[in-house]
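Participant: Listed below are the residues making up each chain.
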Amino acid sequence: MTALEAGPGSSPELLRQLRTTLAKLEIVLGAIRDAIVWTDTQGRIQWCNAAFDRLAARPHVELLGMNLAELIPERSGGAEGRGERHPVTRVLRGETLGDVDWPVELAGRRRILEAFGTPVAIRQDEGSAIFVLRDVTETRKAQEEIERLHASVARHAEELEEAVRELETFSYSVSHDLKVPLLTISGFVQMLREDFGDRLDATGLRYIDTITDSTEQMTRLIEDLLDFARVGRRPLERQRVDVESRFREIFDELMRVSPDRAVRLEMARLPGAWADPDMLGLVVSNLLTNAIKFTSPRERAVIAVSGSGSEGERVYCVRDNGMGFDMRYAHKLFGVFQRLHSVQEAPGTGVGLAIVHRIVTRHGGRVWAEGRVGEGATFWFSLPEEANVR
Amino acid sequence: MTSNEEVDILLVEDNPAHVEIAMRAFRKHNLANRVTVAEDGEEALDYLFGRGAHEGREAGRRPRLVILDLKLPKVDGLEVLKELRADERTRLTPVVILTTSSEERDIVESYQLGVNSFVVKPMSFEAFTKAVADLGLYWAVLNRPPP
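Those sequence lines, one after another, are chains A and B. Quick note, the first sequence lines up with residues 1 to 390 if you use my numbering. Quick note, the second sequence lines up with residues 1001 to 1147 if you use my numbering.
Since no wrong hints were added, every one of them can be taken at face value.
The calculated EDC-like cross-link candidates involving lysine to aspartate or glutamate, where the alpha carbons are at most 20 Å apart (straight line), are:
#, chain 1, residue 1, chain 2, residue 2
1, B, Lys1071, A, Asp177
2, B, Lys1074, A, Asp177
3, B, Lys1028, A, Glu194
4, B, Lys1130, A, Glu194
5, A, Lys293, A, Glu266
6, A, Lys332, A, Glu370
7, B, Lys1028, A, Asp195
8, B, Lys1071, B, Glu1042
Every beta carbon over 10 Å from chain A, so not counted as near; a handful from chain B, in silico:
#, residue
9, Ala1032
10, Asn1033
11, Thr1036
12, Asp1040
13, Glu1042
14, Phe1049
15, Arg1051
16, Arg1064
17, Leu1078
18, Arg1085
19, Ala1086
20, Arg1089
21, Ser1117
22, Ala1140
In case anyone wonders, no lab produced these hints; they're calculated from the structure. All values derive from a computational prediction rather than experimental measurement. Here a beta-carbon is modelled for each residue, glycine too, at the ideal position from N, C-alpha and C.
Put together the whole structure using the sequences plus the hints.
Facilitator: Here is the structure:
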């Protein structure tokens, strides 16, 4: 058998295997999206893959023999890649570059390439260098955009929080300052009535009573505004709270000060929550107070409280069979001093629900309501569980 | 000018209208002739230590009660309290703070400086009058002062 005959170990066989392997390699290298280029120690391109051809936007044959450093010179005006710091220069000097960002101008367009390069020694006397380049222009742009958006969102959140804090501080200090003349007005009107009431006729006394009623309303408004302002100022001290007993305690307390009302509380078992106990108490108190208030025309007032929980959050529901509200105005429900009923129908200043909203929002939860005129109202609020608290 | 033995209450309040309302409450309970009024912190200290405008007054066991507002011109309420507690002659004098502020830090600091009681000024006439009368009656009549 001669060396030219086919068979394992023979030259034609080896040649065929070699050709097959090479063909496979060509296909693989051609399919890779990263641009790969192989140069000699001067930086002249000895081989490159299809992706490099596309990156350089030139025909393959034109690229062979071209100097890589001349093909991709430093970006004009950029400090990157100037002379000694040029990635090609560095690699040819023996440095291995690992994924450096390389701003370039290729085929008339500015790009950012993520560059890997390393000197290679196949044979003792024949040195080379290999470069792998990835066009990350779009990726970097997207990353920058994301960072910009993040910063913008963070700034807006900070500004919003600042604005609310300022509003609370303002409400707080103004309310305090308003108390002073209010006491004077209230005091002197009463003194007027006591000392000179006998010299006034019915009309005069009515005038005085009107002033007194107004000062009382102003007192309530200021107290409620102070409550609202106070809510945002204390830091939250969260812990596990037994919500069911909070509802029970607060309901009993509210009924104690309204002995003339007959209200039934139907409460299912409630899951505990991760919340500030005092703040949660305020939420419960305000929701129950409202439910009790709005069921006053009912002979049989019923308040149903239920709750459910998943791993992420707890949701509680307070439903009453009172006079309800018009859903068309539901979006106003939680605003400060927003009232959907006249003072005759239901006394109050309209701050209770604003307080509930503020507290629940500070906990990272949501509050919402549904109602129907004459058929009662339902309020829900959610509280995120400990693991979910940002 | 009431003699030292009769004055039991020093009311330190800068708002004259509020002074008038308070005096009315005291009058209703026959305490008015035992009240002296100071309009700012400096006058209060002058009175308590017998100096300045009140030169010659003997500092000591009287008054039996100081009703003190926090927001005062010249020398504020907490400063007055501090000086009161720093002097051996007045260290034990009962002091009640009656002020609009309900700030926790004011309450804490007041108690740390040794105030006996902290009352937030009610906004309504009835409540304010009742509070003043209750305070006067308790501290000047019912309570046993330090000997």
